[in-house]
Amino acid sequence: MSQLRSAPGATWIILALIVAACGSSGQTGQPTPSSNSTASPNPTSKPSPAETVTINFWHNYNEDSPENEVLVNKLIPQFEDTHPGIKVVPLTIPYPDFRRKLITSISGGNAPDVIRIDATWVPEFADMGALVALDQEMSEFAALKATVYPGPLGSNLWKDHYYGLPLDTNTKVWIYNDSLYSAAGISSAPATIGDLDGLCANLKKANPDSYMLGLESTQGWVMLPWIWSSGGEITDEAITTASGYLNGPKTVGAYETLLRLYDQGCIAPLILGDGVDAFSGIGQGLYASLDNGPWTYPIVAGAHPELKLTAALFPAGAAGSIDIVGGQDVNVLTQSAHKAEALEFVRFLVGSDFQLAMGGVGVIPVRQDLDVSSLVASQPYMSVFFDQLKTARARLAHPGWSDMDRILTDAGQLILRHEQSPQAALDDAATKINEILGD
Amino acid sequence: MSGRLSRGGLVPYLFVLPGLAVLGVWLVFPLVSALQMSLHDWDIVPGSKSPFVGLDHYAQLVSDPLLLSTLANTVAYVIVTVAGQLALGLAAALGLESVRRGRVLLRTLYFVPVVTSWVVAALMFRYLFNSSSAGMVNHLLVSVLGIVGRPVPWLNEAGTAFIAIFALGIWKGVGFAMVLFIAALQAIPEELYDAAAIDGASRRRAIRSVTLPLLAPTIVMTAVMLTIGAFQVFIPVALITGGGPVHRTEVILTYLYDVAFRQLDFGYAGAISFALAGLVFAISQIQLRFMRQSALAG
Amino acid sequence: MRKDFVPRRQTRRPRLGLVAVYAALVLGVAVTVFPLLYMASTSLKDQVYVLEVPPQLLPTNPTLDNFGAAWTSNHFSRYFLNSSIVALVTMALVLLLGSMMAHGLARYRFRGHRLVRALILFFMVMPAMSLLVPQFVLATRLGLLDSLAGVAIVHIAQGLPLATFILYGFMIGLPRELYEAALVDGAGAWRMYRSIALPLCRPALATVAILAFLGSWDEYVWALTIINSADQRTLPVGIAAFQGVHTSNWGLIFAASMIAVTPVIVLFALLQRHVIRGLTAGALKG
Chain A
1 MSQLRSAPGA TWIILALIVA ACGSSGQTGQ PTPSSNSTAS PNPTSKPSPA
51 ETVTINFWHN YNEDSPENEV LVNKLIPQFE DTHPGIKVVP LTIPYPDFRR
101 KLITSISGGN APDVIRIDAT WVPEFADMGA LVALDQEMSE FAALKATVYP
151 GPLGSNLWKD HYYGLPLDTN TKVWIYNDSL YSAAGISSAP ATIGDLDGLC
201 ANLKKANPDS YMLGLESTQG WVMLPWIWSS GGEITDEAIT TASGYLNGPK
251 TVGAYETLLR LYDQGCIAPL ILGDGVDAFS GIGQGLYASL DNGPWTYPIV
301 AGAHPELKLT AALFPAGAAG SIDIVGGQDV NVLTQSAHKA EALEFVRFLV
351 GSDFQLAMGG VGVIPVRQDL DVSSLVASQP YMSVFFDQLK TARARLAHPG
401 WSDMDRILTD AGQLILRHEQ SPQAALDDAA TKINEILGD
Chain B
1001 MSGRLSRGGL VPYLFVLPGL AVLGVWLVFP LVSALQMSLH DWDIVPGSKS
1051 PFVGLDHYAQ LVSDPLLLST LANTVAYVIV TVAGQLALGL AAALGLESVR
1101 RGRVLLRTLY FVPVVTSWVV AALMFRYLFN SSSAGMVNHL LVSVLGIVGR
1151 PVPWLNEAGT AFIAIFALGI WKGVGFAMVL FIAALQAIPE ELYDAAAIDG
1201 ASRRRAIRSV TLPLLAPTIV MTAVMLTIGA FQVFIPVALI TGGGPVHRTE
1251 VILTYLYDVA FRQLDFGYAG AISFALAGLV FAISQIQLRF MRQSALAG
Chain C
2001 MRKDFVPRRQ TRRPRLGLVA VYAALVLGVA VTVFPLLYMA STSLKDQVYV
2051 LEVPPQLLPT NPTLDNFGAA WTSNHFSRYF LNSSIVALVT MALVLLLGSM
2101 MAHGLARYRF RGHRLVRALI LFFMVMPAMS LLVPQFVLAT RLGLLDSLAG
2151 VAIVHIAQGL PLATFILYGF MIGLPRELYE AALVDGAGAW RMYRSIALPL
2201 CRPALATVAI LAFLGSWDEY VWALTIINSA DQRTLPVGIA AFQGVHTSNW
2251 GLIFAASMIA VTPVIVLFAL LQRHVIRGLT AGALKG
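Residue numbers (the numbering used here), protein chains in the order written: chain A, 1 to 439; chain B, 1001 to 1298; chain C, 2001 to 2286.
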């Protein structure tokens, strides 16, 4: 190893590399990370801090997604044009990393100004004091409130204050492969949960190696439509106890139905955690139906452009057809040094321009007062989603939701694996959830 | 005699200080912070109150059933993968040393997993062991070799998921152990073999009385290094099963990660860290003491 | 100096034994290399074929689209540069600081040397992850958030204990007489380090260099934590980021992985003699 013979030479190389490393980071050691920019095309115009306020906006739109493209190329420039003096720096953070990044940045005193986060996280971050109560800071909040869907709005409510506004929403519907259904002699989507046994039997006869339904896990996101449609609940309305609700007869009945369908081979083993994913599955004809969101269409079309998928309302149970509301909320961080400007950006995000522009790329707007006919015209399946949204419900707005979801997920797994009966598993789960609620 | 010379005055400090400064700032100071966190109910938002709880988190360690099961899983991983790497590494080394042609090529190929990134390797194994008939391992077992009747639900059951995880751990490290053993084998003087041959020893006898005893220090040293590394297994579990199903494949570090970043309980996370460090330290000391004693005895 | 562990005898080694050994070795290599081959094959598959039943070892309608998509998306080419810079800087500074520390510990008997050695042993076993949060808070306060320097400094700190341990093991075995002779010649402390200790430790330095480089190249958790912007990501972080929210495009992930892994493998294949010699010499002595 002769390169170590000359220490001074090596030292220079080392120094050069260090300088290169520091230089390429774009970070010169200032406390505010305002020079981070993943997307702005020209860093040449850097106005002095006194003139321009920089707002850091963290989201998890996939980098090469149409949403991100619209955001970066159309919407943010539009905002900056109409708001000279405010510069918005967006940052994509992949979903699996988002939570950890947010937590570490808050604890490092380095939080962004505006974030778009999973609606279920809002109560938790509100509870730790990280979010600004928008109903107190925005004078027009009451008016804004009235324009958005109540389900998505409700996810921002914690201890009588609203800590954010819904930014986009989505729900799931029954998506199925019409040709597989016809081949099994079925002409339409199942109207009720009770119809599923018959549907499954017919599909199995035509195609024994396939499954009626590809469900991805036993998380709340997947299970709640079944629970709610059957008239079950996780907790009482005030979210104080799970006893009698999570382990009540209607919820237990929903799980018993799922277990029966699973044992009959109607639901794919994917629900246990691993296997062929939902979209590859329906694309290959391995799964005949899914309960999934609007992203299904572009994802499946990407790999199987010739496959036609049909959307229908979730099969109704005793309480009707109730699917689950997902989506993201937009929030302002209490650590932000530019709250006024951040609020301006929030107004823009829930404004009709933004909502409609995003709607054009498959994101469901949160405002009820918008004319969505053009959206539906270009993507006909959207009308089913708008219909489902009318009755869709949001998950529990509680800081402990992620722990509760864990408990629910585990219970579902134990049930499907025949390690506990539905009643016993849900009894245990209710006890554990009560502990969380008691805090 | 080797050894140190003078006290040296200021000079030794000048040599040691730069490295020590880095260690001090980036390891010792965070260590002290972590210790401090472990004694409080630490709140992540700066400026808010974090009540002092003393040794509560440490007491929590023994009464946490999930932690104990993750410890068991981790120990299982350590034992199986270290034993596997040692055994297969030794076998490969012995095999390579007894052939002439193609030695370099084979050695290079065996070492390739070692230079493959853990992230890539974990993703590869997760894909290979897909739990449906779309998985290649299932395809080989069911259709090609006909050993198994139906596809194995690899990652959906803890037992089989561990097979995939252990396989990855062993696969990744065999080449490293092999290379160390090859070097150690080459260091054994020929004369010893000649002497054994003169004594009429068979090949197997020669291995037993010459090769293995002289390899013993290397085996133990390798075992210590592999053990320390194996206790810190994270990526294989995080990327293959995520700790599931139902937390049954969790190992200590994935659990630590969950406590810190999902449950936001940095205090308890700190306690777990110190406990793990203490455990690994104790085990490595035991292994080293064993080596010293066997060296004395042999 | 090729040694044959089989004791020499009059009779020739039975052929069957050799054939059996070769068969076993080749089988072992096949098992070792198979996952990588399958990954290569999958990287050539379109998403349609990625989870098909039954899976094919040879891709149907192979395509290079995934490679194009991987290289151009998400600043992937940048990740290479980032990882290289961080790994090289880490390697250089670990070598420099580690050898200096090892030399100081091995050659001099100064107050506190036991404490330093204990510290090094302790940090060799302390799991790096437990220091993650305090390190993050510290890095942020020092303005190192989202910078390659921030990634590198912790990689260096993580690599120093083992490096120092290995080099110390080597240096402590160096005979005193060499230094004494140099002293007589009027050599200063730095000369002794640079001209005696370092050259004699070359094999161990090679070991340390390789371990430090690979350790940094491969590191995932810290890089993931300290880096926000996509263009600052290192390779492992970049590859993991290809996993989607709703679905995983395995073809794309493995194309990215192939791009990441192939240069390292090729480099290793070219330098393998040096790498292996360096790895074993230093490790064995230690």
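It cannot be assumed that every hint is accurate.
[What the hints assert, rightly or not] Taking CB as the label site, the calculated pair distances span:
#1 A:Asp81 / C:Leu2081: 33 to 43 Å
#2 B:Gly1054 / A:Asp263: 45 to 55 Å
#3 C:Leu2081 / B:Gly1159: 39 to 49 Å
#4 B:Tyr1013 / A:Asn73: 55 to 65 Å
#5 A:Gln420 / C:Leu2115: 48 to 58 Å
#6 C:Leu2058 / A:Ser378: 34 to 44 Å
#7 C:Arg2111 / B:Val1075: 32 to 42 Å
#8 C:Leu2058 / B:Ile1147: 17 to 27 Å
Hint data in this document are derived by calculation from the structure and do not stem from the laboratory.
Using N, Cα and C, we set each Cβ at its ideal position, and we do this for glycine too.
Here is what the structure says about each hint:
1. A:Asp81 / C:Leu2081: 33 to 43 Å: Given a distance of about 34 Å, which is inside 33 to 43 Å, the answer is holds.
2. B:Gly1054 / A:Asp263: 45 to 55 Å: 51 Å, holds
3. C:Leu2081 / B:Gly1159: 39 to 49 Å: The hinted range 39 to 49 Å holds for leucine 2081 of chain C and glycine 1159 of chain B, with Cβ atoms some 43 Å apart.
4. B:Tyr1013 / A:Asn73: 55 to 65 Å: 57 Å, holds
5. A:Gln420 / C:Leu2115: 48 to 58 Å: 54 Å, holds
6. C:Leu2058 / A:Ser378: 34 to 44 Å: 40 Å, holds
7. C:Arg2111 / B:Val1075: 32 to 42 Å: At roughly 40 Å between Cβ atoms, valine 1075 of chain B and arginine 2111 of chain C fall inside 32 to 42 Å, so the hint holds.
8. C:Leu2058 / B:Ile1147: 17 to 27 Å: 22 Å, holds
Checked against the numbered hints above, the structure violates none of them.
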